[in-house]
Amino acid sequence: MLPLALKSAVYALRYMTWLAHENNVITHQMKTSKFSGQAKVLFISDIHSRRLSNSLLKRLPNDIDAVLIGGDLTEGGVPIEQTTRTIKLLSSLAPCYYVFGNNDREVGEERLTSMLESNHVNILTNKSLLHPSIPMQIVGIDDAYTGTVDMNKAFEAVQSDLFTIFMSHSPLYFSKLDSHPQVDLAVAGHHHGGQIRFLKWGLRDLGDFKRKGLRYELISNGYGTTALPFRLGAESEVHVIEIQGKK
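Counting in full-length UniProt numbering, the sequence shown tops out at residue 247, every number present.
Simulated from the structure, these hints should not be mistaken for laboratory data. Bear in mind the structure is a predicted one, so any value in this text is a computation, not a measurement. Think of the CB as a built atom: it goes at the ideal place given N, C-alpha and C, for glycine as much as any other residue.
Cut-off 30 Å, straight-line C-alpha distance, at most; resulting in silico cross-link-like pairs (BS3-like, lysine-lysine):
(1) K31 with K58
(2) K176 with K40
(3) K127 with K176
(4) K31 with K153
(5) K176 with K34
(6) K153 with K212
(7) K210 with K58
(8) K212 with K31
(9) K34 with K247
(10) K40 with K88
(11) K40 with K58
(12) K210 with K200
Between beta-carbon pairs, the in silico distance windows are:
(13) D178 with S55: 36 to 42 Å
(14) G213 with K247: 21 to 27 Å
(15) A9 with S33: 52 to 58 Å
(16) P181 with E235: 29 to 35 Å
Build the full structure now, drawing on both the sequences and the hints.
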C-alpha cells in the first residue's frame, strides 16, 4: 500500500509541476469609442523565477501594440541575466510598460531599474505615459504594500478623452477607481488565483475578466509561481486584450 501511496504522491507533484509550466494564452474582447480601429495589449504578471517560454511567444499574435508587465517580474535569487532575457523577449513584441510588484525589489531596485531602462522599458511608478502610436495612455502605481502609492500623482497628466489603462501589481486599488472614471481597463495580478486550489477552495479567488460599471477589470492568475513551484486549479496564464474601436 505504501508504494502505491508514494507513486500517487509523485504523480500528483509531477502533475502540479506540469500545470505550473503551461503556456495558456487567454484572449479577452472589449469595445471603446475613444479610438478607431483595433488595438491588442498583452498583459503578463507574476513571472517570479519562471523562464519565459519560446513556445508561449509562438502562441501570441504578431500584432501586439503594447506589453503590460504587472509586477513580480522577478524575485530574490533569480539571476539578473534571466530577467534580462525575459525583458528582451517581451520588448521584441511591442513597447513595454512595467509596475513594481512586492517581490521585485528583492533583487535590488537600482539594479533592476537600470536593466529595465537600458532595455527601453517604461517604468510606471505613480505616473502615466502616452502610447507612441495609439490614442491610449497607461497609468501605473507603485506596489500597494510599499506605502508610497500616490493615485493623484499617477493621474495628474491623464487626458479624459484618451483610452486609459490602469495597471497595478495588486488589485487592492481597484476600489479607488470610481474616483477616476476615465479608466477603461484595469489590470492586476498578485494573487496567483490561489495557486493551489482544492475543488473550489483556495487562499485567493481565481483571476477573472469582468465589466465593472464603465470599465473592465482583469485580475490574472499570473505566469509563474511563488514559494512552491506547483499549481492546481489555478492555471498559469497570460492575456491578450483585443480592444475594438469605432468602425
